[in-house]
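Here's the letter readout for the chains.
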Amino acid sequence: MNGRKTKRAIRLLLTNLFFILICFACLIPILYALSVSLNTGNSMLSSHFSFIPERFTWDNYRTVLFKKPFFLWLKNSVLLALFTVIVSLAVGVPAAYAFSRYRFKGRNHMLYILLLLNAFPSILSMFALYRLLRPIGLVNSYLGLILIYTGSMTIFSLWNMKGYFDTIPVDIEQAAQIDGANDYQIVTKIVLPLAKPTIIVTAVLVLLSVWNDYIFAINFMSGAEKYTLAVGLYSLQATDYTRNWPLFSAASLLASLPALIIFFLIQKHMRSGLTAGGVKE
Amino acid sequence: MRKKIQPYAYSLPALIVIGLIVLFPILYTGYISLTNMSVYHWFDFHPIGLENYKKALLVFDSGFLPALLRTLLWTAVNMALQLTVPFFIAILLNSEGLRFKDFYKTILMFPWAMPAYVSILLWRMGIYNSEFGLLNQWLKQLGFKPVDWLSGDGTAFAACLIVNLWMAFPFMIMMIDGGLQSIDKSYYESATLDGAGFFMKMLKITVPSLRPIIAPAAIMTTFTTFKQFDIVFLMTQQQGSKTGANIHTVLTYAYEKAFMTNNYGYSSAISILIFAIVIAFSVFTTKDLKEEGTR
Chain A
18 MNGRKTKRAI RLLLTNLFFI LICFACLIPI LYALSVSLNT GNSMLSSHFS
68 FIPERFTWDN YRTVLFKKPF FLWLKNSVLL ALFTVIVSLA VGVPAAYAFS
118 RYRFKGRNHM LYILLLLNAF PSILSMFALY RLLRPIGLVN SYLGLILIYT
168 GSMTIFSLWN MKGYFDTIPV DIEQAAQIDG ANDYQIVTKI VLPLAKPTII
218 VTAVLVLLSV WNDYIFAINF MSGAEKYTLA VGLYSLQATD YTRNWPLFSA
268 ASLLASLPAL IIFFLIQKHM RSGLTAGGVK E
Chain B
58 MRKKIQPYAY SLPALIVIGL IVLFPILYTG YISLTNMSVY HWFDFHPIGL
108 ENYKKALLVF DSGFLPALLR TLLWTAVNMA LQLTVPFFIA ILLNSEGLRF
158 KDFYKTILMF PWAMPAYVSI LLWRMGIYNS EFGLLNQWLK QLGFKPVDWL
208 SGDGTAFAAC LIVNLWMAFP FMIMMIDGGL QSIDKSYYES ATLDGAGFFM
258 KMLKITVPSL RPIIAPAAIM TTFTTFKQFD IVFLMTQQQG SKTGANIHTV
308 LTYAYEKAFM TNNYGYSSAI SILIFAIVIA FSVFTTKDLK EEGTR
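Protein sequences appear in the order of chains A and B. All the letters of the first sequence, read from the start, carry residue numbers 18 to 298 under the numbering used here. All the letters of the second sequence, read from the start, carry residue numbers 58 to 352 under the numbering used here.
Possibly wrong hints are sitting among the right ones.
[Unchecked claim] Calculated pairs, DMTMM-like style, for lysine to aspartate or glutamate (alpha carbon to alpha carbon, straight line, at most 20 Å):
#, chain 1, residue 1, chain 2, residue 2
1, A, Lys22, B, Asp241
2, A, Lys24, B, Asp241
3, B, Lys261, B, Asp241
4, B, Lys61, A, Asp200
5, B, Lys162, B, Asp210
For the record, the hints were derived by calculation from the structure and aren't laboratory data. Everything numeric in this text was worked out from a predicted model, so none of it was measured.
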């Protein structure tokens with residue numbers, strides 16, 4: 018009996034060791050960037066490498082925040098992301114509601130075609146979009162980017178929210194309808210509150226997709242005053258990256274922070290949202 | 058009568074946006090693919106029939122077919138590793154008595170939570186850089202010569218593979234972990250009573266019960282892996298700082314033909330071919346998805 022107990026304890030110890038190792042290995046790129054960003058200038062080129070900075074400094078962060086247009090990039094990214102989310106929800110929610118609640122001609126075909134269209138990688142439509150948007154002045158404009166981001170996420174939003182709407186029982190809506198509520202009242206008073214989890218999740222995924230895009234932004238935006246965080250970071254590493262590497266690591270960690278926070282917040286919300294959203298009869 | 062118009066009215070804005078940003082570019086790309094549009098023929102391009110497609114499919118040296126084969130290899134290796142390694146990690150995460158499970162799981166989610174382009178650039182500069190990258194610092198300390206990881210085809214492919222696995226494992230770990238928790242514990246108890254060992258239980262209970270839960274995630278990941286662009290592009294193909302490795306996937310290949318060598322007609326033909334491949338694969342795999350979605 019005792020032998021079995023020790024055997025189990027050893028196995029548990031080994032499992033814990035394994036996970037400590039794996040977790041460390043998994044964080045290496047991030048920890049290394051953190052260490053480089055907190056180290057004074059040249060020590061990263063020395064042969065004595067350690068994850069703990071030898072000569073600690075905030076200089077890289079100070080330079081990024083105050084000598085580079087970091088806050089301008091941040092403002093651009095935030096505005097772009099917020100407007101995209103607003104437009105996405107404004108077009109996505111009614112459409113998802115329609116596809117979930119109404120049975121109309123062409124519905125099934127449309128749903129399927131949308132799924133197929135979504136298979137086309139958006140990077141491949143970049144050139145056509147460029148040629149389409151340039152004559153109407155939407156290249157190098159935020160409006161153009163908002164349209165592109167909204168468009169490339171709409172099919173996902175529609176399918177995602179439609180799936181959730183499907184799980185909300187129609188009984189409540191029918192009761193409200195009998196009481197004389199119109200569609201607008203039903204949606205704002207009943208459907209939206211019930212569908213809050215899926216709307217938040219969808220909104221956050223749209224937000225992150227904008228926050229994390231660089232390829233459309235670098236191809237459609239020129240002029241440093243219009244840079245988003247992603248383009249700013251990209252330009253930092255694209256020019257003279259040996260010297261910029263500590264700056265880049267500081268900037269990239271700063272730019273990741275909002276995404277990390279949002280991700281871990283939403284992860285909790287996703288779980289509680291999904292279980293709470295389960296239909297109670 | 059109103060009832061009939063309503064759903065169309067509600068979905069019209071979404072459909073307009075999709076038509077403009079998704080559908081129209083695809084049709085336009087299809088049209089460009091039949092012309093000789095390039096930087097020299099920006100306005101005065103003319104139709105050339107299927108020439109671009111012929112070049113892509115019949116001339117091996119043009120580079121599309123090698124890129125396609127490489128992409129298929131990339132997808133296959135990725136999926137094989139993404140379905141096995143996270144499986145074992147998830148099994149271990151669910152070991153009885155593992156007290157810090159949630160902590161480990163949170164740490165393991167970080168690669169997923171980081172913006173992908175940031176992670177890729179951190180890997181490129183922090184780990185693989187030939188002068189001060191971590192790998193070469195370690196090699197130097199061990200007395201070896203530094204290696205220029207991203208300039209050789211083989212090492213660059215492996216480097217990209219590792220980055221992709223690093224970014225993709227968290228999602229799979231989460232899916233499989235969720236799946237494991239949904240399996241009824243009593244199956245295992247009765248199997249133990251029947252004298253089944255660990256591997257027997259894995260094979261007869263765990264794997265079959267996970268399959269339906271993991272299948273959609275696996276299919277989805279196969280698509281995203283096939284369509285992976287950022288890693289190969291940012292690691293080896295950045296404008297002005299190409300590393301010399303030729304490990305184009307179909308997507309980076311199409312991108313290069315459009316935005317670097319400016320052969321728009323040819324690039325568009327590649328895009329349409331990729332679309333056809335993905336559609337064929339979708340139709341093949343999403344039959345169930347369709348039935349579920351339109352129920």
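Hints and how they fare:
1. A:Lys22 to B:Asp241: The hint is violated at about 26 Å.
2. A:Lys24 to B:Asp241: Cα-Cα ~26 Å, so violated.
3. B:Lys261 to B:Asp241: 13 Å, holds
4. B:Lys61 to A:Asp200: 14 Å, holds
5. B:Lys162 to B:Asp210: It is violated: about 34 Å lies between the C-alpha atoms, which goes past 20 Å.
Hint compliance for this structure: hints 1, 2, 5 are not met, and every other hint is.
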